[in-house]
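Each chain is listed here by its residues.
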Amino acid sequence: MTLSTARPGLADSSTPPKVTYRVRRGKGRYTLTVLAFLLPSAIPLTLFVLGPMVAAAWISLQKWNLLAPMSFVGFDNYAKLLTDTTTRDVFLHTVYYIAGYLPLVYIGGLALALALNAALKGRAFLRGIYFLPVVTSWIVVALVWRWLLNPSNGIVNSTLAVFGIDGPGWWTDPVWAMPSIIIASAWKDLGFVMVILLAGLQAINPDMYEAAKIDGAGWWRRLVSVTLPLLSPSTFFVFVISLINGFQVFDQVYAMTGGGPNGASEVVVQQIYDLTFRYGAAGEASALSWILFIVILAITLIQVRGQKRWVNYE
Amino acid sequence: MKRNVIATVGMLGIAALALSACAAPAADEGPVTITYTNFISNDGNEDNLQTIVDAFEKENPDITVEVTTLPYGDYGTALQTDLAAGTVSDVFDIEFSNYASYQANGVLAPLTVANPEAYRQSLLEAYSTDGTSYALPSSFSDVVLYYNADLFDAAGVDYPTNDWTWADEKAAAEKLTNQAAGVWGDHQPISFYEYYKALAQNGGQFLNADKTAVAFNTPEGLAAAEWLVNKSGTVMPTIEQGQGTPDFDTNLFKDGKLAMLHTGIWVFGAVADVPFNWNIAVEPGNTVQASAVFSNAIGVSATSEHIAAATKWAEFLTSSDTMVQTRLDAGWELPPISDEAQLASYLDKGAPANRKAVFDSLDGIALPPVVAAGQAEMQDIMGQELVEAQAGRKTVQEALNSAEERINAVIGG
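Top to bottom, those sequences are chains A and B. Counting from 1, one number per residue, gives the positions in the first sequence under our numbering. Counting from 1, one number per residue, gives the positions in the second sequence under our numbering.
Among these hints, one or two may not hold up.
What the hints assert, rightly or not - Some chain A residues judged to face chain B by a derived CB distance under 7 Å, without partners named: (1) Gly51; (2) Leu66; (3) Leu67; (4) Pro151; (5) Thr172; (6) Trp176; (7) Arg278.
Please keep in mind that the hints were generated in silico from the structure rather than gathered at the bench. Remember, predicted model here, so these are calculated numbers, not experimental data. Where is the CB? At the ideal position from N, CA and C, for every residue including glycine.
Sequences are here, hints too, so could you generate the full structure?
So, in structure tokens, the structure goes:
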């Protein structure tokens with residue numbers, strides 16, 4: 001009985017008697033069915049995500065260099081990390097990355113989505129092209145960008161030189177290392193953001209634009225007053241995913257700068273990696289993983305709470 | 001009940017250890033398979049390693065060796081993961097810089113070496129702690145000064161000799177550098193490894209006597225750092241020009257655009273076919289002649305179930321005649337043996353002509369500073385600070401001050 005009230009959708013269906021009969025008789029079977037559908041993702045989730053998370057929580061309370069047996073140290077690792085300037089630096093570098101990456105990838109992805117939403121010749125082909133970097137390995141992309149941004153003979157600086165501009169040292173310069181990573185990351189993820197926003201754009205009722213046009217709204221006014229508000233659920237999704245991924249940025253840093261020069265682009269996950277595999281401090285690394293998890297969780301919750309203020313569900 | 005089981009297992013373990021140690025020379029274990037994970041054969045020497053495996057299996061029909069080969073770049077991570085998970089191979093490669101920490105953490109089984117006289121004693125001792133061997137040296141190599149004889153001829157500069165000092169190298173490098181033509185006089189990486197060696201060449205010490213603090217922030221240490229850093233942009237390309245990226249230096253040398261190159265003898269093969277005359281000399285020192293010697297070693301896992309068989313393989317791989325011949329024929333670094341007569345054939349295995357310099361370099365050895373904890377951080381910090389000075393973001397003195405403070409914080413514990 002509780003089930004049928006909790007799920008009004010079923011009661012509204014075209015054959016109500018049959019459905020209520022099924023639900024009443026097969027409460028246990030319904031649970032089983034749900035479980036059966038959940039298992040294929042629940043098993044790997046438990047084995048490869050939840051299990052390691054619990055294990056990491058345990059390891060974070062230990063001193064462990066991977067070689068000798070662990071020894072329990074309580075919250076010492078957390079205390080050490082929270083007072084360590086390196087922790088502050090790697091979080092600042094990560095926030096710097098997100099602050100540069102997110103606007104760039106969103107505005108770029110939006111521009112592409114708008115362009116490829118129009119009735120353009122060969123747009124299916126173009127959509128495929130822009131999506132290609134998304135499915136390319138980060139190692140490949142990082143090598144290509146390292147080459148493009150090579151300070152002495154890369155294409156970017158060579159092109160700048162034609163216009164008489166002395167290009168920066170890019171990944172060899174502490175000031176430009178993070179911008180180099182941001183540019184490469186935004187380029188790689190443009191296609192992903194584009195696809196999400198394209199789907200959102202196509203869900204917008206064309207009548208809205210018709211009505212706005214009749215009221216005399218120009219291209220810019222339609223973008224700001226019709227497109228962006230109606231696209232806000234997709235935008236919200238892009239922001240949440242990008243922030244979660246942004247805090248976990250690693251591959252491109254590892255492959256492009258290794259966190260250098262002199263730690264200028266060292267981000268949180270790179271530090272977790274270094275602590276574990278280079279500095280023999282797996283306990284501290286696990287504690288840092290949990291701190292990162294809590295930060296991401298908090299920010300995601302704030303976003304979900306805050307969405308009421310700006311996200312319109314039609 | 002549970003306690004009894006643990007006690008029994010413990011007793012059995014001790015008994016097994018004692019038995020295997022006694023029975024090492026004649027292991028009567030029946031047919032066993034041991035696993036060996038390595039990086040030393042990666043990238044070109046896989047067949048040579050297989051030759052040694054085949055010879056060992058022929059001599060020991062009851063032992064099968066299962067080989068896994070990993071690239072050097074991934075090896076350290078893989079080994080640590082295996083050690084942490086308890087899935088490590090019976091026999092595995094280690095490097096000298098990791099030996100101290102692996103030994104201290106009880107990862108390596110103490111070895112009963114059947115024929116210790118076969119090894120070059122300094123190398124065997126490098127992998128011994130309190131008189132017990134915990135790993136066996138598998139090869140060694142050193143760093144020498146390569147030079148492009150054609151560029152020297154064209155510039156009218158005398159070839160390097162074993163008696164050269166930094167001053168001779170600097171004078172030659174300046175004459176040989178022709179930036180307009182893209183030709184550079186010298187290349188030496190600006191790194192931890194080059195710095196501890198330059199420090200020794202200038203009579204300095206990296207660490208204090210009890211290894212709790214650095215000892216390089218002295219006039220000798222400053223001169224050694226300046227020796228490296230001041231090459232950049234004068235006789236050596238800058239970071240912006242690509243210096244410091246993998247294989248940059250060897251490629252520049254192979255292109256005939258570099259007159260002198262400081263690198264290891266492991267590059268012999270890579271530069272063998274260049275269209276110009278080249279040779280090597282002992283690396284110049286300043287007040288002292290000191291060369292860097294690198295060695296790899298083979299360890300047996302302390303948790304291995306076949307320590308006797310594993311030790312037998314480790315010893316064969318590091319001292320058998322098959323290994324010596326295979327390594328010498330292939331130019332696969334140098335076998336770690338004491339028999340100079342066997343090594344003599346290395347001298348006439350082709351270019352470079354002055355292979356004697358490889359052995360002359362051993363007269364003065366600069367061993368890397370090793371600390372029990374914080375080794376990787378120490379190396380990283382030193383490299384980072386030297387690069388700060390190279391890029392001109394700090395003076396050399398500022399970089400040394402900063403390196404001293406940061407490294408002491410890591411190793412002073």
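Structure-based check of each hint:
For A/Gly51, the suggested interface contact is broken, since its CB lies about 14 Å from the closest CB of chain B, more than 7 Å. With a cut of 7 Å, the hint placing A/Leu66 at the interface with chain B holds, because the nearest CB-to-CB distance is about 4 Å. The beta carbon of A/Leu67 comes within 4 Å of a beta carbon in chain B, closer than 7 Å, and the hint placing it at the interface holds. Checking A/Pro151 against chain B by beta carbon gives a least distance of about 4 Å; that is within 7 Å, so the hint holds.
Because the closest C-beta pair between A/Thr172 and chain B is about 5 Å apart, less than 7 Å, the hint holds. The interface hint given for A/Trp176 is broken, as the beta carbon of that residue sits about 11 Å from the closest beta carbon of chain B, more than 7 Å. About 5 Å separates the beta-carbon of A/Arg278 from the nearest beta-carbon of chain B, less than 7 Å, and the hint is met.
When each numbered hint is compared with the structure, violations occur for hints 1 and 6.
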